[in-house]
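Peer 1: Letter by letter, the chains look like this.
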Amino acid sequence: MAMATIGNNGAARRVEDEIFKQGRDLRGAGFRMVLLAALAVSTLILIVLLVQVLTDGWPVIDERFGDFWSGTLRSRSSDDALGISQGIAGSFWIAVFVAVLAFPIGISAAVYLEEYAPRNWLTSVIDIAIRNLAGVPSVVYGLLGLFLFVKTRDGNSSLMAGGITLAILVLPIVVITAAEAIRAVPSSLKEGAFGVGATKWDVIRSQILPFAAPGILTGTLLSLSRAVGEAAPLILVGAITGRLAPRDGSFFGADQFFDRFTAMPIVIVGWVQQSGRDEGFAAAAGAAIVVLLAFVILMNSGAVLLRNYFEKKRG
Amino acid sequence: MKNSARQMLRLLAMMLAIGLVAAACGGSDSTDVESAAESSDDAAESSDVAGEVFISGSSTVEPVSVRVAELFEDVAPDVFVDVEGPGTGDGFEKFCNGETDISNASRAIKDAEAENCAAAGIEYTEILVGIDGIGVMTNNNNSVDCVTFENLFNLIGPNAEGTTTWAEADASLPDAPLDIFGPGEESGTFDSFIEIVIEDLAEEAGVEATTRADYNPSADDNVILSGIESSDTSLGWVGFAFAANAPVKLLQVDGGDGCVEANAETIASNEYPISRNLYIYVNDAKAAENAALQAFVDFYVADGLDTAVAEVGYVPLTDDAKAEVRAAWG
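In order, the protein sequence lines correspond to chains A and B.
Heads up, the first sequence is in the working numbering, so the first residue is 1 and it goes up one at a time.
Heads up, the second sequence is in the working numbering, so the first residue is 1 and it goes up one at a time.
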């Protein structure tokens, strides 16, 4: 600091200045402006994106949203039956696979790592491995899914293959966020419970999990939105872009798990590609992006609401 | 993909799998998918055909096959036709692995690919379904009417980098500003243009077969067209179907046999030099045992050639060519 030569009086005045005359604190003001600019840039990019997508997709959303919602993949954008129902169904079931597979396994692994596993070289290796897995590019998981679940079935892709692949993709993220939430539980809570004679199982069930629930929930729901938005691994696993014949099965039928599938991000990629040949697909792609965005925002808001609810309950 | 590379990938995938299972403390058994689902493929042959057909291959031909499938659905509602479009090369890889029934292709099968199929014992029938022309265009106010392949190479090829007027490419062309608009590298139209117009001349000149880097690429054909309209002496190329409906001037092209105008007839008859054939390849053995596939290809050849090809914006075959195709599939 440049205050070394100033006496006590000077220092006091200096402090007073800084408190009462903000105009003199140029560096502080500059720093604030930089932060504000950073915020403005990121908000602006988001707004530009949203406006662009909305204007692209508006004709479809405005004129024929009902048909668009219930329609299927078609060859021409002028087709009344063009729509996203197959993409919605695929993405819905992928989300279910992720929730059913990745959440219990990931959270259990995190509880074991934090509460049971001994602290030795093996657990730290596992810890590092999980962290690295969370950073592996998603296409690599696509390759994994391709070899494990598609090539083993003579190259027949299936909804199940896509769902399991994405569950594996988000598993490390679930483990990490859950482990962090569990680590944040105050040790006084645990020790208090142990003090009154609770067993380890009691402590985990009645103290640790309820306290960590908001953190775990936020992490898992965010990983769910990530899974729903992923396109690259699904392309490798063989999600369909061109045509998915409408099967007779119902929306909840189990047959479809072994059939070929598509998903919202794949529908969008396909339509953007087609828009070169048939410009109407650009509007359809825009509308599909709006729908996907709405779902992701809905899920993320759900995560925030649930977190607030559990935090209040724990309060 | 080379074999060694694929082995590496497989190894990597295995390691990842083991790592993941370890990470989940042995709690996951994620490989229980395989056993369950072999059953749904070969549907029983009933009189009113039912079954599945799976088509992969070129994304350019994809809409044609999708359209045929849409029309076929009205005729045979119990046949499920799925279509994907990862690209001609990827499509042939799957096809020669026996994974698909039909492979869409925006070019004829390459020797190496045909060898793969032969090695796997897969016999196939090649069916020409339509033609995709590439329109070379300029602004309506431009006086140029015809360009040769050499002109195009000198205007758009890699050696043209840095030139700003037409005259620099060829003294017979006007001394006017040159503004080039075209599809980007990711486009099939870009690939075809390189393959048909640039490749041979680039080899002669000993340069890489690509375009100059300093043009205005766009994935959106509408952007290319508005670029062409924005400058009096612009130059560009897009799929013929797209250029034909736009307020731009389609240039005649001389591929060595004189100037030829681009229109549906000259493209269908292969007189217009910048065009490519669109094919489907049918797995013979699967067609023999799968009535749904046989019926679908029958329909493709009988009705699809007349309707679907034009409906999705490509140039249909001439009547003679159609008759030939039909006789060959018979």
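Keep in mind that the hints were calculated from the coordinates and are not lab data.
Mixed in with the good hints, there may be bad ones.
As the list claims (entries may be wrong) - Quick list of in silico lysine-lysine cross-link-like pairs, BS3-like style, CA-CA up to 27 Å:
(1) A/Lys-200 x A/Lys-190
(2) A/Lys-313 x A/Lys-190
(3) B/Lys-322 x A/Lys-151
(4) A/Lys-151 x B/Lys-249
(5) A/Lys-312 x A/Lys-200
(6) B/Lys-110 x B/Lys-94
(7) A/Lys-151 x B/Lys-94
(8) B/Lys-286 x B/Lys-94
(9) A/Lys-313 x A/Lys-200
Peer 1: Going through the earlier hints one by one, which of them does the structure break, listed in rising order?
Peer 2: 3, 4
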